[in-house]
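Residue numbers (the working numbering), protein chains in the order written: chain A, 1 to 333; chain B, 334 to 725.
Just so you know, the hints here were simulated from the structure itself, not pulled from any lab data.
Since we're looking at a predicted model, the values are computed, not measured.
It cannot be assumed that every hint is accurate.
[Stated by the list, open to error] In silico SDA-like pairs for lysine to any residue, Cα to Cα no more than 25 Å straight-line:
no., chain 1, residue 1, chain 2, residue 2
1, B, 376, A, 167
2, A, 133, B, 376
3, A, 167, B, 501
4, A, 167, B, 609
5, A, 196, A, 120
6, A, 76, A, 215
7, B, 609, A, 215
Below, each chain spelled out in residue letters.
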Amino acid sequence: MARYILKRLLYAIPTMWIISILVFITIQLPPGDYVTQMLENMRNLQTGGATWSPEFQEAMRDRYGLNEPVYVQYGKWISNIMLHGDFGYSFQYSEPSENLIKDRIGMTLVVSFASFIFTWMVALPIGILSAVKQYSLADYVFSFIGFLGLATPGFLIALVLMFVAFKYGNASLSGLFSPEYETAPWSVAKVLDLFKHLWIPMIIIGTAGTAGLIRVMRANLLDELHKPYVDAARAKGLPEWKLLIKYPLRHAMNPFVSALAWVLPGLIAGEAIISIVLNLPTTGPVLLEALKQQDMFLAAGFLMLLSLLTVFGMLLSDILLAWVDPRIRYDAM
Amino acid sequence: MANDVLPIADTLPKVGAVPEVATDEPKVLVASQWRLMWWKFRKHRLAMVSLVIVFTLYFVAFFAGFFAPNTKDTYSRGYTQAPPQKVHLFDDGKLAPFVYPYDRTTDPRTYERIFTVNKEEKIRLGFFVKGDEYYLGFRGIPVLGKLAVRSNIHLFGPTNPEDPFYPAGADDLGRDILSRLIYGSQISLSVGLVGVFLSLALGVFLGGLSGLVGGWVDNIIQRIIEVLRSVPNIPLWMALATAVPPRWDPVLVYFGITVILSLLGWTGMAREVRGKFLSLREEDFVTAAELDSVPRFRIITRHMIPSFMSHIIASTTLAIPGMILGETALSFLGLGLRTPVVSWGVMLHDTTNIAAISNTPWLLLPGAAVVITVLAFNFLGDGLRDAADPYH
């Protein structure tokens with residue numbers, strides 16, 4: 001098992017390396033750089049002709065290394081991250097990017113993890129129920145909700161819920177904290193307040209993944225339920241629930257666990273857009289602004305860490321799968 | 334697989350020629366693969382309904398000018414943010430559809446717009462009425478645009494083209510939501526098709542290369558797929574979409590966005606194609622062809638590809654919703670397509686703040702259109718996938 005984990009960990013390193021190149025190229029793609037974007041902003045705001053002199057523009061570019069060839073910029077960027085944990089300077093906030101990223105990515109982790117737990121807690125029992133009581137009313141209702149959940153973009157659910165809450169509940173759904181806790185230091189009361197707000201984004205982000213997982217669970221369990229070994233166990237007189245949990249469910253768990261690998265990127269991607277709609281203090285809104293303003297180091301840092309989060313999540317899912325299903329461990333040896 | 338060439342005409346049992354054993358059985362045995370698939374697909378009722386819905390959606394999108402009562406840019410200043418008008422079908426017990434116009438007043442204290450129904454006047458509606466001029470066909474696209482036809486007949490609308498008609502409400506500029514929804518479907522629905530086509534081309538090429546050549550080529554391609562799959566798609570799409578300059582021509586932006594969507598979309602297709610090639614390589618009919626010294630290229634195009642074509646079609650259909658949702662999400666964020674282009678996502682961009690949603694909830698209507706389209710494609714794809722393997 002330890003060898004397997006080590007092997008997967010080593011695999012993740014080249015993946016992250018390629019992702020870092022991909023991210024850096026993507027960030028370089030927009031025409032111009034932060035300086036041209038600033039000039040554009042000044043022109044749009046009509047600041048009475050105030051602009052940067054060409055010398056100042058050059059000085060800015062020199063200072064942040066924007067004049068150097070791309071590979072030199074990449075080399076500096078990645079080595080600073082690797083060696084010093086330095087993600088570069090955020091032009092917009094005039095602050096090291098890592099300070100901004102740190103808080104935000106932490107909240108992203110909290111929200112994504114909560115959605116993930118929600119996804120599993122809901123999908124597992126409903127999937128089992130739908131398979132065991134196939135073609136029952138509950139099966140149809142859940143299948144319908146599942147399909148609807150797959151088809152509805154998360155931000156639309158968020159918008160509709162915001163409308164309903166505003167119209168009938170007179171409440172605002174945005175944010176993760178009540179106003180009085182927003183800037184307060186961490187305390188027990190703040191954590192409790194967080195839990196009070198967390199469930200809405202959790203449900204919205206989790207819906208699409210839940211719908212997919214229910215179908216995975218249902219299909220796999222249905223495949224297993226009609227196999228002869230189930231009949232044999234039933235003939236032995238095993239109680240139905242015990243039989244279900246002991247044999248077919250164990251088999252059906254494997255694809256369910258490996259489905260984690262695609263649910264997780266979906267959760268993190270969904271989090272990015274829903275946090276913009278609900279204005280959560282997570283990565284989404286800042287990433288969007290950073291991308292629009294060509295605040296390249298901040299945007300690149302977010303993209304890197306979001307990818308790291310997914311790679312790490314997939315790694316966990318592989319390890320979990322190997323733990324649930326011994327065959328995988330032995331194959332990998 | 335060679336039974337594709339069987340004539341399809343003689344599927345009806347010939348009573349005279351065949352003795353009474355002629356049940357369904359021989360029909361099934363001689364039917365071609367595609368015919369078997371069609372029979373199996375027909376049984377999937379939801380998929381059949383979805384097929385009709387999808388077909389209708391594309392039909393309406395193609396003839397958008399005819400189906401939309403107004404053009405996408407027609408506006409009426411007195412009707413900004415007007416709620417949907419109720420369409421009355423009967424007048425005095427006779428079929429004579431009409432709507433009441435609105436009187437608009439402004440609350441002197443809050444400056445809130447108040448619309449009251451003016452029951453004094455009636456705006457008569459009719460079928461095949463003359464209205465704004467529009468073009469049918471691919472206007473704005475080089476070469477094909479030359480074929481566009483000009484017309485001013487609308488399926489339904491006010492008999493007097495000057496009258497305001499807002500069956501689904503108006504947006505902030507007083508434009509008809511229903512008309513914009515219909516025009517928007519042209520973009521939203523075609524993004525799915527073009528994007529899927531691009532990712533299909535990429536996926537089949539790279540997946541085929543991976544499965545057929547194997548070795549280090551396979552290794553590299555699999556690595557790339559793994560990397561692309563472990564990057565959360567929406568953040569990366571957002572980053573790539575900012576690279577599309579907003580000042581570009583709308584047609585170019587459109588293609589830029591579809592390319593971005595398919596850059597991440599091809600991986601699923603490539604995996605599927607690779608898997609199919611790997612498993613088909615071991616099949617008896619491929620070995621037989623090899624022993625008959627059929628050239629390699631011919632084995633691939635005539636023996637292997639036709640046998641998994643149906644699977645490719647099914648997974649292509651299932652990939653379209655992802656593209657549509659991707660475009661909607663990007664345009665909603667203001668990173669994808671932008672005005673003056675109309676797509677469902679661009680329309681939803683107006684709903685980003687809570688004030689807009691609470692005052693004018695009908696702006697969310699494009700969202701319903703997205704859900705219906707995606708649902709229909711999902712069911713259709715499910716039906717196709719079930720039917721793709723008719724020998725089971």
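Hints, one by one, checked against the model:
1. B:376 / A:167: Outside the cut-off at roughly 44 Å; violated.
2. A:133 / B:376: holds (23 Å)
3. A:167 / B:501: holds (20 Å)
4. A:167 / B:609: With Cα atoms ~52 Å apart, residue 167 (chain A) and residue 609 (chain B) exceed 25 Å; violated.
5. A:196 / A:120: holds (20 Å)
6. A:76 / A:215: violated (46 Å)
7. B:609 / A:215: With a Cα-Cα distance of about 24 Å, the restraint between residue 609 (chain B) and residue 215 (chain A) holds, given a limit of 25 Å.
When held up to the earlier numbered hints, the structure conflicts with 1, 4, 6 and fits the remainder.
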